[in-house]
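The listed protein sequences correspond, in order, to chains H and L.
Using our numbering, read the first sequence as starting at 4 and increasing by one per residue.
Using our numbering, read the second sequence as starting at 4 and increasing by one per residue.
A couple of the hints might just be wrong.
The list treats identical chains as interchangeable, and a pair is accepted whether it falls inside one copy or across any two copies.
In silico lysine-lysine, PhoX-like type, Cα no more than 25 Å apart, as pairs [stated by the list, open to error]:
id, residue 1, residue 2
1, Lys77, Lys132
2, Lys117, Lys77
3, Lys117, Lys132
4, Lys124, Lys151
Just so you know, the hints here were simulated from the structure itself, not pulled from any lab data.
Protein chains: 2
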Amino acid sequence: MTEMKATNVTWHSSHVEREARERLLKQKGCTLWLTGLPSSGKSTTAFTLEHKLIHRGFASYVLDGDNIRHGLNKNLGFSADDREENIRRIGEVARLFADAGLITLTSFISPYRKDRDQARKIHDDSGLKFIEIFVDTPIDLCEQRDPKGLYQKARRGELKGFTGVDDPYEQPLHPELVLKSQTATPAELADLIYNYLIDHDFLPASAR
Amino acid sequence: MTEMKATNVTWHSSHVEREARERLLKQKGCTLWLTGLPSSGKSTTAFTLEHKLIHRGFASYVLDGDNIRHGLNKNLGFSADDREENIRRIGEVARLFADAGLITLTSFISPYRKDRDQARKIHDDSGLKFIEIFVDTPIDLCEQRDPKGLYQKARRGELKGFTGVDDPYEQPLHPELVLKSQTATPAELADLIYNYLIDHDFLPASAR
Chain H
4 MTEMKATNVT WHSSHVEREA RERLLKQKGC TLWLTGLPSS GKSTTAFTLE
54 HKLIHRGFAS YVLDGDNIRH GLNKNLGFSA DDREENIRRI GEVARLFADA
104 GLITLTSFIS PYRKDRDQAR KIHDDSGLKF IEIFVDTPID LCEQRDPKGL
154 YQKARRGELK GFTGVDDPYE QPLHPELVLK SQTATPAELA DLIYNYLIDH
204 DFLPASAR
Chain L
4 MTEMKATNVT WHSSHVEREA RERLLKQKGC TLWLTGLPSS GKSTTAFTLE
54 HKLIHRGFAS YVLDGDNIRH GLNKNLGFSA DDREENIRRI GEVARLFADA
104 GLITLTSFIS PYRKDRDQAR KIHDDSGLKF IEIFVDTPID LCEQRDPKGL
154 YQKARRGELK GFTGVDDPYE QPLHPELVLK SQTATPAELA DLIYNYLIDH
204 DFLPASAR
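Using the sequences provided together with the hints, build the complete structure.
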């Protein structure tokens with residue numbers, strides 16, 4: 004415990020302007036919202052892009068089940084209301100990260116159009132870009148991958164409300180990007196997003 | 004809407020390591036948790052520090068009523084449970100920001116010791132530093148400032164459960180820093196925190 008004094012004079016009563024953050028980080032904050040069926044490749048794509056961005060000197064962060072479900076959203080279950088609130092909170096946190104200037108990735112099934120549209124709206128309302136990325140992997144390929152055996156459990160009726168089996172996945176109508184993971188590796192998909200970020204001025208041309 | 008392919012090969016299945024972020028940002032992520040009475044000077048101190056950090060080239064972000072209460076926590080009221088949940092969510096979001104490598108500031112009254120201790124615990128559990136900063140302004144000075152006339156309203160009984168008037172403020176027992184705002188400007192207080200960050204290796208010595 005320390006008590007101290009100091010000697011300078013200027014002070015501020017409001018947040019740093021977005022432009023000052025952009026100059027510092029040499030990038031524009033935004034949210035890359037990955038959506039798709041379970042095992043479609045969202046997280047691997049997101050992590051691969053995060054690694055590439057950090058390696059190239061850009062600030063980025065992935066929000067995913069690991070760091071959200073056991074923390075911020077640990078008091079939510081899987082009822083309809085809780086699923087909606089889950090995505091609502093993720094949208095709000097992504098907005099904060101984008102506002103802080105980070106290339107923010109979210110990796111959640113987020114099966115319902117209205118929840119994704121709501122996440123887009125709160126970004127729009129803050130003057131921040133929401134980039135919806137549909138990881139468009141055919142369900143039979145997702146089921147073949149199924150690293151945790153969840154499709155199998157759902158097919159046996161041991162898991163209820165599993166997206167793609169007994170709960171709907173509503174495809175995006177106007178996503179900014181569609182990724183076809185059956186014909187490309189996660190690294191190739193990450194590159195597509197990376198190039199999108201350059202093409203749309205979130206990253207400088209020198210990042211190419 | 005675009006469909007694309009690409010050509011490289013490496014990929015990753017997990018988050019970027021904390022050390023890689025630290026190298027990129029030339030700083031260590033942490034949470035600076037400002038706590039104190041209404042009008043004690045928390046937000047002005049936080050914003051002043053955020054400006055200084057960004058100006059010096061460090062990534063920082065302030066979580067405060069503006070960007071939390073109208074967004075992530077807009078579905079919370081002021082009941083005891085909602086107040087606890089308010090601080091819980093802020094603690095979780097701060098942890099995510101610190102994990103992303105940012106010098107994260109929170110500016111909330113956060114009057115209850117157990118809520119602050121819980122926020123500290125989730126940082127500890129993630130191997131992240133939680134730096135509790137008590138903005139120790141005497142209540143009579145806070146009441147003199149009272150820019151929004153809230154103390155006046157509370158004294159007239161028009162606001163119920165107002166911290167310092169009819170709801171307790173529990174002082175931190177072992178804060179990392181105590182700021183005395185009656186004898187220093189917000190800029191001086193911000194400098195004290197800035198120097199703390201250097202002294203404790205969150206910022207490089209070259210930042211001095």
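Can you give me the call for Lys117 and Lys77, within, between, both or neither, at a CA distance of at most 25 Å?
both (22 Å within a copy, 19 Å between copies)
One pair to classify: Lys77 and Lys132, alpha carbons no more than 25 Å apart. Within, between, both, or neither?
Result: close only across copies, 21 Å inter versus 27 Å intra.
Is it within, between, both or neither when you check Lys124 against Lys151 at 25 Å Cα-Cα?
Answer is neither; intra-copy 33 Å and inter-copy 30 Å both fail.
Intra- versus inter-subunit Cα pairing at 25 Å for Lys117 with Lys132:
within (17 Å within a copy, 37 Å between copies)
Checked against the numbered hints above, the structure breaks only hint 4 and satisfies the rest.
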